Amino acid sequence: MATVTINLPDGSKKVFSKPATVAEVAAAIGKRLAADAVAGKVDGKLVDTFFKIERDASLEIITKQSKESAEILRHSSAHLMAQAVARLFGPVKLWVGPPLLEGRYGFYYDMDLDHRIVPEDFPKIEAEMMKIAAENLSPERFELPVDEAVQLAEKIGQPYKVELIKGFGVSTVSFYKQGEFTDLCEGPHLPRTGFVGGVKIMNVTGAYLHGDQSQKMLQRVYGCAFFSQKELDAHLAKWADAEKRDHRRLGTELDLFFFDPIAPGHPFFLPKGAFLFNGLISYMRRHYEREGYQEVVTPQVFLSQLWKQSGHYDHYKDNMYFCKVGDDEFGVKPMNCPSHALIFKSRHRSYRELPLRLADFGMLHRLELSGVVGGLTRVRRLTQDDAHIFCAPEQIEDEIANLIRLGRKVYKTFGMPLRAELSTRPPQSLGSDELWTRAEGALQAVLQHTGEPFQVKKGEGAFYGPKIDFHAKDALDREWQLFTIQLDFNLAERFDLEYASQKGSRERPVVIHRAILGSIERFLGVLIEHTGGDFPLWLAPIQVRVLAVTDKQNEYAERIEKELRILGIRVDRDTSSEKIGAKIRKATLEKIRYMAIVGEEEAKAKPEVVALRDRKNLDKTDSEWVSPKELAKRILEEIPA
RNA sequence: GCUGGCGUAGCUCAACGGCAGAGCAGCUGUUUUGUAAACAGCAGGUUGUGAGUUCGAAUCUCACCGCCAGCUCCA
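Note that this note's numbering has the first sequence beginning at 297, numbered continuously upward.
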């Protein structure tokens, strides 16, 4: 038998006289590695530690520390949970149980069982899972041809697995068996159940089979698992912290906004929330001035005829608000594009005007399903930082490049990294092959040119054009889809938009829909959670609070407040009859950045000063004396251009 | 829209078939305070809405509305 040469990631090689398992290779490298190995990656494919490498290959040992180990741990934990549930509550019919790599849950398993799982069951399930972990079972893998696999699944009472097997369209499938529990699975799995060191069952909800509400509802049990209890505790602490940053909670605590059942999905912005809302719009406007956008203001309500022409009446009617006045039916706008098409069409357009960039902060109404509205992230009344760029096909590339540059600049200001996804032509689409090829090529070329990695989502584009979606990562590593660029070959067609080319011929423009923050409401919700309510100074509704130590300084405090306000600072004051400690506590809870404390000493000083307390610098015990002018200067210097 | 859970004072929660209560916030008074909570008093409610069961309902039943967790959707 020929030897087997294993290439390791560090460039070294191990030669074996006969096929070796991943575990054997790990053992040959070192004891520690062998103990820590949870899986292997053979020629880029994840396999179990007992996988036998038959021929020359590259191998990476996946340990507890490897990025890939989380997926394996979580997947194995889903099996562990199913086994525990089967032990506790009798026969369980299983559907699917995938690992989840983002968010607070680590995995779920969809199951069908007679017992209805309630939160009181969670500790029991956790205990049973840890019992199985303590049994330290080693999963065995075996493969069966489809017909035998179906027989086995039927024998072990797993009708949903029969359906899965038949749906795969392959000739053989694999199973894993640990103790009394056998499950259809591709793997890989942890070498032993003992690798699971800490588990938490977190939630149980209903989930329809095939996501179809006419079908049976299964119980979806969510949990998370770690190699150690310590990591589990850290994870739970992190998400407990996330709850404190929930924008709905901070919205109430910081007096930013509220909701009333009288208008579900329609936020009421309080003065401070409205300040943030308008601040974000002003921030985008400042960019627009430099980027050659022209802002327009457009109607709210249109005769349904417009929506018939735009196609919304056929495709989006269920999400629109309509009203009847006399014999006429009107629809409230859910999008700005038709208005902008009408503006383009309002007179003859020349190639000299292109690219024509029309920005619009108009308010949009979308009748979202009652089950999906929630907080600021999904509202029924929204304002996008919307714009439509009408351009010639050969201008697409430049426009997209500019947009990406602008978008990156904006997100850098907020400290959120971006990740791009390019969605290409779906099976059902509108527009010529030539146009699609050209547009997709342009988008791809621009993305490549920026040099940053991007994923291609094949066939996920809109029917009217390809798009680039950006995912922004917040301070808790959660991703949000906010910034989007969509090409549209349909709008110009439907509204018969044309411009006169240099040669005098009539040409169709291409339309680019784009929103950088997305919707202001949603972005604000995300920003509240990203910052925990501690907004960047340039956007904070209150930048300074003047605190009087005693009533005797109230007048002085008022004078300082006025002076700061004249210097362009957003300032208020606390001249209540509380002790200074209480005022500081109040300002701290309101997350006000600068506290300008004025007592007897400050009031006596010439020229006038305040004792400054900076929340960014809380360790500093002795507060520093600064003049109002100096304070204002510092604040204004901190504001980005 | 579907499934499940939950709606008590502005906020956080208690009372769980028998007189609706506390803390914080608010108001009034006292206190004049030096770096994260001074003290006292007052006020605050048709217990989401509407029916029903009961001698009696915040509590049990039903319907509706809203919120939350998911599913689905997200031109």
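These aren't lab readings, by the way, just hints derived from the structure by calculation. All figures in this text were calculated on a predicted structure; none of them were measured in a lab. Just so you know, even glycine gets a beta-carbon here, dropped at the ideal spot from N, CA and C. Please note that a few of the clues may not be correct.
Stated by the list, open to error - Pairwise CB distance ranges, derived in the manner of DEER restraints:
| hint | residue 1 | residue 2 | range |
| --- | --- | --- | --- |
| 1 | H506 | S801 | 27 to 37 Å |
| 2 | R581 | S801 | 57 to 67 Å |
| 3 | S728 | Q751 | 40 to 50 Å |
Said to hold, decoys possible - Straight-line C-alpha distance at most 25 Å; calculated BS3-like pairs for lysine-lysine:
| hint | residue 1 | residue 2 |
| --- | --- | --- |
| 4 | K799 | K848 |
| 5 | K568 | K912 |
| 6 | K389 | K473 |
| 7 | K314 | K341 |
| 8 | K420 | K473 |
| 9 | K360 | K348 |
| 10 | K389 | K363 |
| 11 | K912 | K875 |
| 12 | K900 | K875 |
| 13 | K604 | K568 |
| 14 | K512 | K363 |
| 15 | K389 | K348 |
| 16 | K360 | K512 |
| 17 | K337 | K360 |
| 18 | K858 | K848 |
Hints and how they fare:
no., hint, in the structure
1, H506 with S801: 27 to 37 Å, "violated, 51 Å"
2, R581 with S801: 57 to 67 Å, "violated, 36 Å"
3, S728 with Q751: 40 to 50 Å, "violated, 26 Å"
4, K799 with K848, "violated, 79 Å"
5, K568 with K912, "holds, 21 Å"
6, K389 with K473, "holds, 16 Å"
7, K314 with K341, "holds, 21 Å"
8, K420 with K473, "holds, 23 Å"
9, K360 with K348, "holds, 21 Å"
10, K389 with K363, "violated, 32 Å"
11, K912 with K875, "holds, 23 Å"
12, K900 with K875, "holds, 20 Å"
13, K604 with K568, "violated, 40 Å"
14, K512 with K363, "violated, 36 Å"
15, K389 with K348, "violated, 32 Å"
16, K360 with K512, "violated, 38 Å"
17, K337 with K360, "holds, 14 Å"
18, K858 with K848, "holds, 17 Å"
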